[in-house]
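Novice: Below are the chains, spelled out letter by letter.
Protein chains: 4
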Amino acid sequence: MDNRISFSSDYTKGAHPKILERLSQINFEQQNGYGTDDYCKSAADKIKKACKCPDADVFFLVGGTQTNQTVIDMILEPYEGVVAATTGHVAAHEAGAIEFSGHKVLTLPRFDTTLQDGVAVHSDQIGKIRAEDLRKFIDSFYADESHEHMVFPGAVYISHPTEYGTLYSKTELEEISKVCHYFDMPLFLDGARLGYGLMSTKTDVTLEDIARLVDVFYIGGTKVGALFGEAVVFPKGVPTRHPVPIIKQHGALLAKGWLLGLQFDTLFTDNLYLDISKNAIDMAELLREELVKRGYKLFIDSPTNQQFIIMEDEKLKSLSEHVRYGFWEKIDPDHTVIRLATDWATTENDIRKLMQYM
Amino acid sequence: MDNRISFSSDYTKGAHPKILERLSQINFEQQNGYGTDDYCKSAADKIKKACKCPDADVFFLVGGTQTNQTVIDMILEPYEGVVAATTGHVAAHEAGAIEFSGHKVLTLPRFDTTLQDGVAVHSDQIGKIRAEDLRKFIDSFYADESHEHMVFPGAVYISHPTEYGTLYSKTELEEISKVCHYFDMPLFLDGARLGYGLMSTKTDVTLEDIARLVDVFYIGGTKVGALFGEAVVFPKGVPTRHPVPIIKQHGALLAKGWLLGLQFDTLFTDNLYLDISKNAIDMAELLREELVKRGYKLFIDSPTNQQFIIMEDEKLKSLSEHVRYGFWEKIDPDHTVIRLATDWATTENDIRKLMQYM
Amino acid sequence: MDNRISFSSDYTKGAHPKILERLSQINFEQQNGYGTDDYCKSAADKIKKACKCPDADVFFLVGGTQTNQTVIDMILEPYEGVVAATTGHVAAHEAGAIEFSGHKVLTLPRFDTTLQDGVAVHSDQIGKIRAEDLRKFIDSFYADESHEHMVFPGAVYISHPTEYGTLYSKTELEEISKVCHYFDMPLFLDGARLGYGLMSTKTDVTLEDIARLVDVFYIGGTKVGALFGEAVVFPKGVPTRHPVPIIKQHGALLAKGWLLGLQFDTLFTDNLYLDISKNAIDMAELLREELVKRGYKLFIDSPTNQQFIIMEDEKLKSLSEHVRYGFWEKIDPDHTVIRLATDWATTENDIRKLMQYM
Amino acid sequence: MDNRISFSSDYTKGAHPKILERLSQINFEQQNGYGTDDYCKSAADKIKKACKCPDADVFFLVGGTQTNQTVIDMILEPYEGVVAATTGHVAAHEAGAIEFSGHKVLTLPRFDTTLQDGVAVHSDQIGKIRAEDLRKFIDSFYADESHEHMVFPGAVYISHPTEYGTLYSKTELEEISKVCHYFDMPLFLDGARLGYGLMSTKTDVTLEDIARLVDVFYIGGTKVGALFGEAVVFPKGVPTRHPVPIIKQHGALLAKGWLLGLQFDTLFTDNLYLDISKNAIDMAELLREELVKRGYKLFIDSPTNQQFIIMEDEKLKSLSEHVRYGFWEKIDPDHTVIRLATDWATTENDIRKLMQYM
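Residue numbers (our numbering), protein chains in the order written: chain E, 1 to 358; chain Z, 1 to 358; chain P, 1 to 358; chain L, 1 to 358.
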């Protein structure tokens with residue numbers, strides 16, 4: 001048993017106690033299967049209300065890669081690929097799940113980072129794509145005389161927060177949305193950590209904004225208070241006549257769908273989802289403050305629950321005896337970028353413990 | 001809220017209370033992700049011990065269709081299909097999940113059922129395949145001069161219990177296993193309801209027999225006491241160097257893998273899995289006794305937790321006001337076959353309630 | 001070098017001499033690639049005229065399996081399969097090319113053949129599907145409460161002539177077409193041997209009938225006078241915005257597309273396609289006459305260029321020293337069904353030579 | 001009819017006259033289907049002899065994209081992708097045919113080109129990958145702790161000549177081969193224009209070198225004297241037990257396989273393939289000389305049959321009234337890179353005609 005404190009990720013713990021409590025309460029109720037139960041209906045209604053999109057279709061899936069694969073397959077024609085940042089989860093860390101479904105991931109160039117005098121220098125765009133780059137990419141695709149021999153850009157994938165903890169501003173989202181809709185391409189927002197984005201003190205983007213600007217997004221449960229589960233929202237309705245067999249075909253239709261419904265019903269009651277998200281942000285800000293106070297250099301100025309710092313390798317070695325962290329990248333021969341993630345259940349005491357070893 | 005008592009399936013309830021209890025206990029422990037935690041390790045060890053196959057590889061997946069798709073894709077070459085009964089789950093009820101992975105399901109003819117004087121007449125093979133039919137099928141494949149233009153039979157899929165509640169005898173399994181291994185084809189046993197097969201009073205097949213005779217099988221959790229989860233066992237080891245990316249590629253790698261590990265660890269502690277399976281069998285036998293006593297005709301002489309009876313449509317209509325059942329098939333203009341399933345948590349009281357309406 | 005005369009198939013020879021002649025004539029003309037040349041345009045125009053469907057889209061592909069795979073992928077939603085006869089080429093002899101594209105082939109039961117007193121007894125439906133069976137199949141699909149967990153019947157595949165040389169009557173085609181359109185399913189007709197069907201003396205189906213009744217079909221060149229090539233016709237237009245990348249994605253876009261255009265342009269000039277098809281029918285009728293005269297039993301009463309007879313195995317052995325034939329099936333321990341195929345270039349002399357050994 | 005002279009590509013003409021002549025000669029011989037004929041055997045034997053690899057397996061496919069898709073699917077595990085240059089044909093111009101087969105194309109960064117004082121400045125690596133970059137890429141893949149969640153680099157694709165007309169030196173090939181084999185990754189060489197690479201006056205790479213250094217390659221026919229066709233060579237044998245159903249499954253098994261066999265048999269008799277390849281090189285050198293003489297700036301110093309020059313847009317406009325060329329890229333607001341390709345049949349007279357307009 002590994003008893004070191006862990007800041008390695010935001011999926012190291014179970015679920016908010018209210019979820020466990022309700023699971024116990026309804027354990028012997030008998031539910032209908034495959035998402036046709038009352039909890040799924042109730043959760044969907046609450047989500048639609050929170051998003052202010054009464055015509056939305058809502059589906060509950062189990063995990064992130066599964067959701068990305070299923071959604072992207074739903075919104076693309078067979079000859080289309082999905083545009084994403086080079087650092088996007090679908091491009092880099094899903095073992096080819098998108099290609100397994102027959103679609104190419106078309107990547108927009110990443111923004112490189114360098115270390116200058118021990119300070120990371122990189123674009124504030126890190127992890128993100130730019131509307132302007134997207135437009136150029138698509139323009140140049142259609143300008144290419146042989147584009148019928150190429151993979152059509154059929155949809156755009158963004159993550160918010162990104163894999164680097166960064167966020168889109170409302171203006172940025174609006175601009176990307178405009179480009180997508182000009183070219184009749186659905187915009188898909190991966191919200192595996194959506195709560196942490198919405199509760200950032202640096203954001204001007206609300207859930208309603210997202211529901212208004214994108215064509216499909218999901219509200220992450222796995223990393224934000226649920227045992228597991230992602231709530232997929234198509235604000236204007238799902239673009240296929242038969243979503244259920246598509247979900248089933250991807251192995252993504254949970255028999256006891258109410259386990260998902262109940263969790264999201266709980267998270268979307270009395271603002272729980274946002275309240276516990278806020279905890280992660282508060283703890284991340286405290287964490288950052290403490291780190292800066294101790295002279296640590298931030299790799300990125302992240303406004304969400306993932307904090308990235310540059311560590312001397314020697315120091316890191318001793319840290320790892322007491323603390324689990326996320327290895328991010330080797331940035332020079334003597335330094336490593338690590339990720340420290342807070343979550344919905346992180347306590348001030350956890351931060352204090354961590355600081356003993358920093 | 002549908003408050004009618006339900007015998008419609010064996011996945012209408014949550015999990016055995018011990019599982020919920022342990023989930024609560026470890027809720028704030030911090031686990032490593034993707035099945036690399038201690039609970040998965042412990043559960044795998046207990047399963048290997050129960051199967052007496054120390055060299056097995058064990059993986060924990062979320063649901064049945066997902067497991068079937070992933071396993072079949074692991075054991076087939078690209079030009080191979082999987083042989084199954086026409087009634088097999090992979091052939092009939094997975095929305096094409098196997099074909100989605102690029103593989104054909106090669107079906108052995110089903111055994112038709114007719115109604116004679118109100119009594120269903122069908123082969124005792126219902127839901128099953130026969131070693132002899134399998135051998136003939138493969139022989140005739142290789143005898144066909146154009147078989148290089150056909151889909152190669154690359155593996156065999158059986159379910160135990162079958163979708164019709166029936167079971168293979170040890171001799172039948174041995175014969176099928178022999179044919180498979182003669183032709184160098186892995187044998188895959190879908191054990192979504194394995195516990196209910198093992199605890200049938202009519203079986204001579206043990207968990208060890210299965211581990212000895214098949215190349216891969218799974219121990220169903222979703223229908224037998226877990227919230228969700230299927231434990232895949234490759235008794236002689238998994239036949240690919242990199243199972244993890246294959247699982248990930250199918251969207252089947254759960255971030256919080258320990259949720260699966262913990263559940264199976266609990267089920268394989270103190271014989272819990274088999275004990276609760278026995279309850280379903282006891283209740284199914286009671287159910288059958290009561291039904292026969294009341295003059296109901298059994299559609300199949302099922303030795304497991306699924307009981308199939310022939311109902312007059314008029315009677316069925318009034319039953320449905322009080323009871324949820326599984327519609328099976330329309331067998332003649334006035335009669336319908338329905339399924340009544342017991343499970344790990346069915347009580348004598350439930351049976352008694354049901355009998356009020358029969 | 002195998003110098004035995006061959007009646008084994010209709011793709012043993014090159015092309016009609018006019019095709020070779022024109023290929024030589026234009027050999028050093030410089031054409032645009034990928035089907036954008038003038039010959040493809042001209043051939044398409046002639047085909048549209050012959051079909052009386054001026055709004056058709058016409059594509060030229062290389063071979064039959066490739067065409068079946070590409071067309072079926074074009075007309076199906078991802079969650080749909082294609083309905084076909086169990087004996088259909090897509091179901092039986094394409095090495096899983098349809099499943100490779102992610103789609104299930106849903107088969108309608110074949111019509112078994114038995115040998116009674118040395119005479120084959122089977123349905124005249126052999127190789128075909130019946131409108132009534134199709135309707136029942138689809139009705140029962142939608143009647144099944146769990147059909148969202150099954151593969152949707154999304155299109156219907158028929159071959160004309162079938163793999164057994166049989167033909168649909170106009171009435172049969174109309175009925176199938178009606179069922180398809182009632183359920184909003186495209187009807188796809190595989191015309192790999194279309195010329196031989198159209199020129200049968202037993203048919204009442206014309207090219208215009210086909211263009212009127214089906215949603216997509218192809219005019220086979222490989223087996224009817226071309227070196228290779230199949231002309232795909234969508235009488236009401238192709239149902240995808242971008243057919244070219246789909247064709248390319250299947251590896252089916254020939255760089256020198258004009259090779260296909262020129263061949264079909266030649267075949268559809270001065271009625272050549274039908275004229276040479278008629279030769280195969282004339283020779284098939286002569287062949288049959290001679291066989292019957294000699295007491296051979298026909299396996300099927302085939303109205304097209306493929307003739308199937310029942311041979312004693314001993315006799316067959318000596319025949320095979322002089323003649324290549326198509327092995328069809330072993331029908332009893334002492335008899336074998338063989339196929340003898342005539343083609344666009346078979347001569348009376350060929351038949352005479354064959355008869356020396358019969 | 002477009003009567004402008006064309007230098008737009010090397011697939012604008014038919015085949016070497018000897019091929020057409022032999023096609024006519026054997027037109028009414030009766031051949032066995034699917035590549036089991038004598039011409040395929042003879043062609044394979046001649047190719048094996050030319051490559052000095054008697055144990056090779058040789059297959060004949062129809063076109064380039066089809067061949068790339070089929071070969072890559074043959075040599076990869078399901079969880080593997082193929083490494084290629086960003087400019088590689090499989091990465092950029094096959095409409096997602098590789099992803100359609102379920103595999104990701106992992107790209108090594110391209111080498112950008114800039115225009116300085118009207119002169120293109122770029123790496124001599126253009127179109128190629130470097131052994132060192134490949135090694136770094138793979139090293140960093142395995143160094144990444146989460147690489148089991150990523151697409152494994154399973155094989156390497158290079159083209160020779162590249163899409164930019166450039167060539168690998170023998171040393172470069174040896175180094176790439178070494179890296180591939182160190183990591184147990186097959187090396188696949190796309191030789192769609194192989195003849196033009198082998199006959200370049202700037203190369204030190206022979207056919208034998210290629211057969212020795214790579215695991216699979218193909219000898220392009222479509223662009224080098226054949227009507228169509230690519231000869232795939234696995235010098236050490238094909239790595240699957242059943243290549244035929246895989247080829248069939250990709251729609252790539254030509255019924256009249258002898259059309260391919262006969263063409264390659266002709267090309268590999270009396271050195272025809274290399275002789276006609278040399279013509280393209282001679283003409284390309286003459287073309288370049290004339291262009292340089294007239295002051296045109298070369299975009300790349302290409303040693304093969306594709307020549308790339310930088311044109312003023314105004315000049316280009318008038319050129320296009322008389323000449324078909326390949327648009328390559330817009331390099332600045334007033335200049336465009338065009339491709340002028342010679343081929344096996346280009347004459348001095350063709351060059352002279354072109355020069356009238358330059």
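The hints are simulated quantities; they were obtained by calculation from the structure and are not laboratory data. This structure is a prediction, so every number in the text was calculated from the model and none was measured. By construction, the Cβ of each residue, glycine as well, lies at the ideal position given by its N, Cα and C atoms. Please note that a few of the clues may not be correct.
Simulated crosslink set (BS3-like; lysine-lysine; CA at most 27 Å straight-line) [as the list claims (entries may be wrong)]:
{"#": "1", "chain 1": "L", "residue 1": "K170", "chain 2": "E", "residue 2": "K136"}
{"#": "2", "chain 1": "Z", "residue 1": "K18", "chain 2": "Z", "residue 2": "K317"}
{"#": "3", "chain 1": "P", "residue 1": "K293", "chain 2": "P", "residue 2": "K278"}
{"#": "4", "chain 1": "L", "residue 1": "K236", "chain 2": "E", "residue 2": "K317"}
{"#": "5", "chain 1": "L", "residue 1": "K170", "chain 2": "L", "residue 2": "K136"}
{"#": "6", "chain 1": "P", "residue 1": "K293", "chain 2": "P", "residue 2": "K315"}
{"#": "7", "chain 1": "L", "residue 1": "K315", "chain 2": "L", "residue 2": "K278"}
{"#": "8", "chain 1": "P", "residue 1": "K18", "chain 2": "L", "residue 2": "K353"}
{"#": "9", "chain 1": "E", "residue 1": "K48", "chain 2": "E", "residue 2": "K136"}
{"#": "10", "chain 1": "P", "residue 1": "K297", "chain 2": "P", "residue 2": "K46"}
{"#": "11", "chain 1": "Z", "residue 1": "K278", "chain 2": "Z", "residue 2": "K293"}
{"#": "12", "chain 1": "Z", "residue 1": "K202", "chain 2": "Z", "residue 2": "K278"}
{"#": "13", "chain 1": "P", "residue 1": "K49", "chain 2": "P", "residue 2": "K18"}
{"#": "14", "chain 1": "E", "residue 1": "K136", "chain 2": "L", "residue 2": "K136"}
{"#": "15", "chain 1": "E", "residue 1": "K278", "chain 2": "E", "residue 2": "K317"}
{"#": "16", "chain 1": "P", "residue 1": "K49", "chain 2": "Z", "residue 2": "K330"}
{"#": "17", "chain 1": "Z", "residue 1": "K48", "chain 2": "Z", "residue 2": "K178"}
{"#": "18", "chain 1": "Z", "residue 1": "K136", "chain 2": "P", "residue 2": "K317"}
{"#": "19", "chain 1": "Z", "residue 1": "K136", "chain 2": "P", "residue 2": "K278"}
{"#": "20", "chain 1": "E", "residue 1": "K48", "chain 2": "E", "residue 2": "K317"}
{"#": "21", "chain 1": "E", "residue 1": "K18", "chain 2": "Z", "residue 2": "K18"}
{"#": "22", "chain 1": "E", "residue 1": "K278", "chain 2": "E", "residue 2": "K202"}
{"#": "23", "chain 1": "Z", "residue 1": "K317", "chain 2": "P", "residue 2": "K136"}
{"#": "24", "chain 1": "L", "residue 1": "K49", "chain 2": "L", "residue 2": "K170"}
{"#": "25", "chain 1": "Z", "residue 1": "K293", "chain 2": "Z", "residue 2": "K330"}
{"#": "26", "chain 1": "P", "residue 1": "K46", "chain 2": "P", "residue 2": "K236"}
{"#": "27", "chain 1": "E", "residue 1": "K330", "chain 2": "L", "residue 2": "K315"}
{"#": "28", "chain 1": "P", "residue 1": "K46", "chain 2": "P", "residue 2": "K136"}
{"#": "29", "chain 1": "P", "residue 1": "K297", "chain 2": "P", "residue 2": "K278"}
{"#": "30", "chain 1": "Z", "residue 1": "K48", "chain 2": "Z", "residue 2": "K293"}
Not everything, but these chain E residues come out facing chain L in the computed CB check (under 10 Å) [to be verified]:
{"#": "31", "residue": "P78"}
{"#": "32", "residue": "Y79"}
{"#": "33", "residue": "E94"}
{"#": "34", "residue": "K104"}
{"#": "35", "residue": "V105"}
{"#": "36", "residue": "S146"}
{"#": "37", "residue": "E148"}
{"#": "38", "residue": "S320"}
{"#": "39", "residue": "K330"}
{"#": "40", "residue": "I331"}
Novice: Should the interface hint for E/S320 be scored as holding, given a Cβ-Cβ cut-off of 10 Å against chain L?
Specialist: Hint on E/S320: violated, closest Cβ of chain L at ~13 Å, above 10 Å.
Novice: Hinted pair, alpha-carbon criterion (27 Å max): E/K278, E/K317. Please report holds or violated.
Specialist: 31 Å, violated
Novice: Given the hinted pair E/K18 and Z/K18, is their Cα-Cα distance within 27 Å?
Specialist: 18 Å, holds
Novice: L/K236 and E/K317: Cα distance at most 27 Å?
Specialist: Between L/K236 and E/K317 the Cα gap is close to 47 Å, so the pair fails against 27 Å, i.e. violated.
Novice: Using Cβ atoms only, decide whether E/K104 comes closer than 10 Å to chain L, and label the hint accordingly.
Specialist: 4 Å, holds
Novice: Has the given pair, E/K278 with E/K202, been kept, meaning a C-alpha gap of at most 27 Å?
Specialist: 12 Å, holds
Novice: When you check the alpha-carbon spacing of Z/K18 and Z/K317, does it fall within 27 Å?
Specialist: 38 Å, violated
Novice: Next pair to validate is P/K297 with P/K278; report whether the Cα-Cα distance is within 27 Å.
Specialist: It holds: about 24 Å lies between the C-alpha atoms, which stays within 27 Å.
Novice: Run the distance test for P/K46 versus P/K236: straight-line Cα separation, threshold 27 Å.
Specialist: Answer holds: P/K46 to P/K236 is near 16 Å, not above 27 Å.
Novice: Assess, step by step, whether the Cα of P/K293 is no farther than 27 Å from the Cα of P/K315, and give holds or violated.
Specialist: 17 Å, holds
Novice: Is E/K330 close enough to L/K315, meaning Cα to Cα at most 27 Å?
Specialist: Given pair E/K330, L/K315 is violated - Cα atoms ~51 Å apart, limit 27 Å.
Novice: Can you confirm whether the C-alpha distance between Z/K202 and Z/K278 stays at or below 27 Å?
Specialist: 12 Å, holds
Taken one by one, the earlier hints fail for this structure at numbers 1, 2, 4, 7, 8, 9, 10, 14, 15, 16, 19, 20, 27, 28, 30, 38, 40, listed in ascending order.
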